[in-house]
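Make a model of the complete structure from these sequences and hints.
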Amino acid sequence: DTGVSQDPRHKITKRGQNVTFRCDPISEHNRLYWYRQTLGQGPEFLTYFQNEAQLEKSRLLSDRFSAERPKGSFSTLEIQRTEQGDSAMYLCASSHRDWTLVPYFGPGTRLLVL
Amino acid sequence: AQRVTQPEKLLSVFKGAPVELKCNYSYSGSPELFWYVQYSRQRLQLLLRHISRESIKGFTADLNKGETSFHLKKPFAQEEDSAMYYCAGREGGKLIFGQGTELSVKP
Numbered sequence: 004d005t006g007v008s009q010d011p012r013h014k015i016t017k018r019g020q021n022v023t024f025r026c027d028p029i030s031e032h033n034r035l036y037w038y039r040q041t042l043g044q045g046p047e048f049l050t051y052f053q054n055e056a057q058l059e060k061s062r063l064l065s066d067r068f069s070a071e072r073p074k075g076s077f078s079t080l081e082i083q084r085t086e087q088g089d090s091a092m093y094l095c096a097s098s099h100r101d102w103t104l105v106p107y108f109g110p111g112t113r114l115l116v117l
Numbered sequence: 018a019q020r021v022t023q024p025e026k027l028l029s030v031f032k033g034a035p036v037e038l039k040c041n042y043s044y045s046g047s048p049e050l051f052w053y054v055q056y057s058r059q060r061l062q063l064l065l066r067h068i069s070r071e072s073i074k075g076f077t078a079d080l081n082k083g084e085t086s087f088h089l090k091k092p093f094a095q096e097e098d099s100a101m102y103y104c105a106g107r108e109g110g111k112l113i114f115g116q117g118t119e120l121s122v123k124p
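If you're matching them up, the sequences are chains H and X in order.
As numbered in the working numbering, residues 4 to 117 make up the first sequence, in order.
As numbered in the working numbering, residues 18 to 124 make up the second sequence, in order.
These are calculated hints, taken from the structure and not from any lab test.
Ideal placement from N, C-alpha and C gives every residue a C-beta, glycine not left out.
One should not assume that every hint holds.
Covered by chain H, according to a simulated footprint, are these stretches of chain X (three or more residues, beta-carbon under 8 Å) [said to hold, decoys possible]:
1) 56-65
2) 110-119
Here are the simulated distance ranges between beta carbons [claimed, not checked]:
3) H/S8 to X/E71: 22 to 30 Å
4) H/V105 to X/K90: 41 to 49 Å
5) H/P73 to X/E37: 44 to 52 Å
6) X/P124 to H/D66: 45 to 53 Å
7) X/G46 to H/L115: 14 to 22 Å
8) H/R84 to X/S45: 36 to 44 Å
In structure tokens form, the structure reads like this:
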């Protein structure tokens, strides 16, 4: 499968625990995006990278959230001290940095915080 | 901030009926708009974008700058069109999504 992949697909954790999600983009894509989607809502932008540089972060991304893309390939999204409100689907997408810039999405990681 | 609005959460039609999924935007400058679709248990995927002016799976969407709309249309709905549809607009290097409309096509 040459599409965007995410791991794990599902995560159940207890409030206060830390969780980390991984995203592997399409290999030739140099832009990588993280979105969050809650029930009944569209995807909400969190942050994006071009290569290893984090170019933009949403105000939604509190201090408990951190994202990295150390070698410009895969990315990780960590949530520290999880809260029940963090329960959501976390989507990763990637795109070429050219005039098309159309993001291709991964299957998502569903997080449930108990 | 740029906004994309989909006023209908659910649209239910019968097979063979015309479909119009509404999308309105508030953008300064020239908007770049998209429709994404998510079928049950599948990932979000691009359906079409306004600059391509293409028809995918019988769907079309025309940018109406006067009405600030980018409605998605199909003349004859099929059962396999049942899915979540999201309108999105580009803001800088990212996409901003609407809340989505669930299309249900009944036999």
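Evaluated hints:
no., hint, in the structure
1, 56-65, "holds (count 4)"
2, 110-119, "holds (count 8)"
3, H/S8 to X/E71: 22 to 30 Å, "28 Å, holds"
4, H/V105 to X/K90: 41 to 49 Å, "21 Å, violated"
5, H/P73 to X/E37: 44 to 52 Å, "46 Å, holds"
6, X/P124 to H/D66: 45 to 53 Å, "51 Å, holds"
7, X/G46 to H/L115: 14 to 22 Å, "40 Å, violated"
8, H/R84 to X/S45: 36 to 44 Å, "38 Å, holds"
The structure fails hints 4 and 7 (numbered hints given earlier, in ascending order).
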